[in-house]
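Peer 1: Given next are the chains, with one letter for each unit.
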Amino acid sequence: MLGVPTEYFLVLSGILFTIGVIGVLIKRNPIVIFMCIELMLNAVNLTFIALGRHFVHVNGQMYVIFVMAVAAAEVAIGLGIIVALFRSKETINIDEVNLMKY
Amino acid sequence: MNTLPVQIAFYSLAALTLISAAYVVRARSIIHAGFWLLPCFVGVAGLFATLQAHFFFVAQLLIYAGAILVLILFALMLTRDAMSLHVPLKSHLGIWAGLISAGLGISASLVLARQSWSVTTAHPAGPARQAEALGEALIGLYAVPFEVASLLLLSALIGAVVLAKVERAPAPEPPPLADTLPEPEETRKEPVGVE
Amino acid sequence: MIIPNYRLGPIDLVTLLPYIAMLCIIGFILAIVPLLIWIERVVISLMQDRIGPNRVGPRGLLQTIADGIKLFFKEDIQPRAVDVRIYYLAPVLAMIPALTAGATLPFSTVRFRMEDGSVQTFPMVVGNVNIGILFILAMASLQVYGIILAGWSSNNKYSLLGGLRASAQVISYELAMSLAILSAVLMSGSLNLVHVVEAQMNGFWNWNLFAYPPLGFIITVIYLISMVAETNRAPFDLPEAESELIAGFHTEYSSMKFAMFFMGEYASMLVVSGVAVSLWFGGWTSPLPLLDFIPGFIWFLVKLFALFFVYVWLRASLPRLRYDALMNLGWKRMLPTALVILFLIACWNTLRTPQAQDANPVSEITMAPARAAEGER
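The listed protein sequences derive, respectively, from chains V, X and W.
Here my numbering is used: the first residue of the first sequence is 9, the next is one more, and so on.
Here my numbering is used: the first residue of the second sequence is 516, the next is one more, and so on.
Here my numbering is used: the first residue of the third sequence is 130, the next is one more, and so on.
Simulated from the structure, these hints should not be mistaken for lab results.
Be a bit skeptical, because a hint or two may be false.
Stated by the list, open to error - DEER-style ranges, computed between Cβ atoms:
id, chain 1, residue 1, chain 2, residue 2, range
1, X, Ile615, W, Thr479, 51 to 61 Å
2, W, Asn478, X, Arg541, 44 to 54 Å
3, W, Ile173, V, Val75, 46 to 56 Å
4, W, Arg179, X, Ala530, 49 to 59 Å
What the hints assert, rightly or not - Looking from chain V toward chain X, a few residues come up when the C-beta cut is under 8 Å (computed):
id, residue
5, Tyr16
6, Phe17
7, Gly22
8, Leu24
9, Val29
10, Ile34
11, Phe74
12, Ala81
13, Ala84
Backbone N, C-alpha and C fix where the C-beta goes; we use that ideal spot for every residue, glycine too.
Hey, can you work out the whole structure from these sequences and the hints?
Peer 2: Written out as structure tokens, the structure reads:
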């Protein structure tokens with residue numbers, strides 16, 4: 009039958025998500041933050057797929073398709089913004105990018 | 516399906532994913548962090564395969580490892596001199612981040628693990644069935660979200676083009692003959708502090 | 130040729146077939162590369178009116194083997210400023226995806242006499258999976274990592290530029306390639322390469338090359354162009370343009386590591402050519418029904434070598450493209466054309482079979498390791 013119980017996958021994706029959260033909180037480089045967001049999205053995908061298998065339903069897998077679409081769009085736009093930001097402000101420290109703050 | 520190979524695969528892939536994810540966060544050089552993402556994505560893809568989601572095994576490799584990560588690395592290499600600038604990589608939120616996330620992770624894992632997940636008896640459908648079910652759901656029940664997602668991708672495409680254009684406008688590509696113009700881009704050695 | 134299904138305890142030949150296929154593919158790819166290099170050199174020298182390799186062995190046949198031995202015994206130079214781990218990882222990563230992608234490539238059929246006396250035909254393929262062609266696409270997209278890692282870790286501006294060019298080129302042409310593959314999938318109605326090939330049986334007029342005239346032909350040409358670009362071969366070999374970038378991403382590599390890049394390049398050429406053969410040129414099937422007695426893998430090899438000859442021919446006759454021309458061709462010509470053709474094929478399918486919706490929801494595809502192809506004698 010199924011080799012590995014569902015909760016193992018859920019715990020694994022929880023840990024992966026936590027690693028992503030840590031990265032987002034402690035890093036200052038926007039691209040690294042970006043990578044950590046991708047880690048979190050991957051953790052979420054893993055949860056969806058595991059639960060989709062658990063409940064034998066296609067819904068979980070559908071969500072993953074949309075998450076992947078959103079991630080692709082996010083990368084295209086986000087990297088464009090980061091590169092443009094670097095070109096205009098010449099900094100990669102996310103703490104110094106505060107144009108929209110005031 | 517026999518159990519033992521699947522379990523071995525699960526544990527090794529889980530170790531691969533988590534260790535490389537940890538290295539993504541830990542790596543001191545940004546491009547190393549990017550490189551460490553590759554085994555992480557491949558590990559997640561392998562986990563999808565152990566979950567019998569063959570289509571997503573391929574999609575993960577194709578989209579995350581093949582497209583997204585290549586884009587990220589590409590951006591990193593394009594802005595190479597920027598990425599080697601000396602800025603503190605770590606934010607001051609470090610300790611709090613550790614505490615919060617540890618709490619989050621432990622509590623989430625506890626909640627997830629203590630819930631009694633009834634053992635599923637249904638065998639997951641074969642890859643053929645899965646791909647077909649996905650396709651039918653995409654053009655059936657999920658037709659509207661599917662269209663919305665395609666609109667989102669289209670707008671991202673246009674947005675990326677617009678961003679690239681705006682960024683290129685001040686420094687146009689040198690025409691093939693006029694190579695007498697000096698390069699103005701060589702003066703970004705020290706970061707300009709804002710305010 | 131019918132092979133009896135020998136059985137030893139629980140293991141019989143049919144269950145062993147994927148492993149045999151795996152050995153065949155890996156052994157073939159690794160063993161054929163010297164021959165391919167020799168063919169390339171001889172053909173190019175003929176086209177350029179030179180003599181070509183003629184010293185080692187008869188007609189220079191052993192030249193590449195001698196070169197291989199030379200490379201093997203060369204000093205393994207490690208430049209001082211490289212990023213060591215990534216530097217050593219890159220050639221490995223250049224080879225693995227190409228070898229792995231061969232796993233879903235069917236290259237022949239075997240007939241077995243089963244226990245009950247019936248004769249069944251099995252495809253020679255490692256993983257007869259229903260997403261085979263997507264798997265090959267995924268592996269092809271991983272191909273770029275060897276180049277990126279090599280270009281970055283060498284710590285050399287030529288390497289970095291070569292790596293950047295290669296990755297931009299590969300991800301640009303992958304789109305046209307995926308769309309071309311998708312249209313072949315639409316033509317045959319399956320993602321499984323075995324089914325795609327079986328849909329093209331019984332004569333060359335059934336090949337996807339001639340399907341939906343002239344769409345099949347155009348999309349085949351698009352695939353062939355993007356295949357050459359995807360493997361960074363001339364005239365798309367900007368990543369290793371020796372006139373501007375020395376040797377591109379493998380400038381700093383020597384001895385066996387250089388040889389591994391070389392092997393990886395040829396292996397990926399073989400794999401994408403094999404995909405082209407399976408998708409458009411009928412795979413292992415014979416072009417004329419009366420030639421069916423020749424075993425499938427010979428047809429596959431003949432078609433494969435024909436495509437390799439096209440590769441060499443292009444290299445000998447076309448000058449290298451300028452970089453912006455390369456990008457223009459990929460994004461402004463081939464991608465829109467492929468999209469339009471995909472759309473037209475979808476329309477054609479819909480118009481021709483309007484009753485396709487009420488077909489049975491899931492076809493009776495079993496996922497045994499090697500599916501019987503109902504080959505009645």
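Peer 1: Close enough to count: is the Cβ of Ala84 of chain V nearer than 8 Å to one in chain X?
Peer 2: holds (4 Å)
Peer 1: Report holds or violated for the interface hint on Phe17 of chain V, using the least CB-CB distance to chain X and a cut-off of 8 Å.
Peer 2: Where the cut-off is 8 Å and the nearest Cβ of chain X is about 7 Å from Phe17 of chain V, the hint holds.
Peer 1: Hey, does the Phe74 of chain V contact hint survive, CB to chain X under 8 Å?
Peer 2: With a minimum Cβ separation of about 5 Å from chain X (threshold 8 Å), the hint on Phe74 of chain V holds.
Peer 1: Is the gap between the beta carbons of Asn478 of chain W and Arg541 of chain X within 44 to 54 Å?
Peer 2: Holds, since Asn478 of chain W and Arg541 of chain X (Cβ atoms, about 51 Å apart) stay within the stated range.
Peer 1: Return the status of the interface hint for Val29 of chain V: holds when the least beta-carbon distance to chain X is below 8 Å, violated otherwise.
Peer 2: holds (5 Å)
Peer 1: Is the gap between the beta carbons of Ile173 of chain W and Val75 of chain V within 46 to 56 Å?
Peer 2: holds (49 Å)
Peer 1: Tell me if the interface restraint on Gly22 of chain V is satisfied: Cβ within less than 8 Å of some Cβ in chain X.
Peer 2: holds (4 Å)
Peer 1: May I ask you to test the interface hint for Tyr16 of chain V with respect to chain X, counting a Cβ-Cβ separation under 8 Å as satisfied?
Peer 2: At 7 Å from the nearest chain X Cβ, Tyr16 of chain V passes the 8 Å test, so the hint holds.
Peer 1: Kindly confirm whether 49 to 59 Å is satisfied by the beta carbon distance between Arg179 of chain W and Ala530 of chain X.
Peer 2: holds (55 Å)
Peer 1: With a cut-off of 8 Å, does the beta carbon of Ile34 of chain V approach a beta carbon of chain X closely enough for the hint to hold?
Peer 2: holds (5 Å)
Peer 1: Could you say whether the range 51 to 61 Å given as a hint is met by the Cβ separation of Ile615 of chain X and Thr479 of chain W?
Peer 2: At 53 Å between Cβs, range holds.
Peer 1: Can you verify the interface hint for Leu24 of chain V: is its Cβ closer than 8 Å to any Cβ in chain X?
Peer 2: holds (6 Å)
The earlier numbered hints are all upheld by this structure, with none contradicted.
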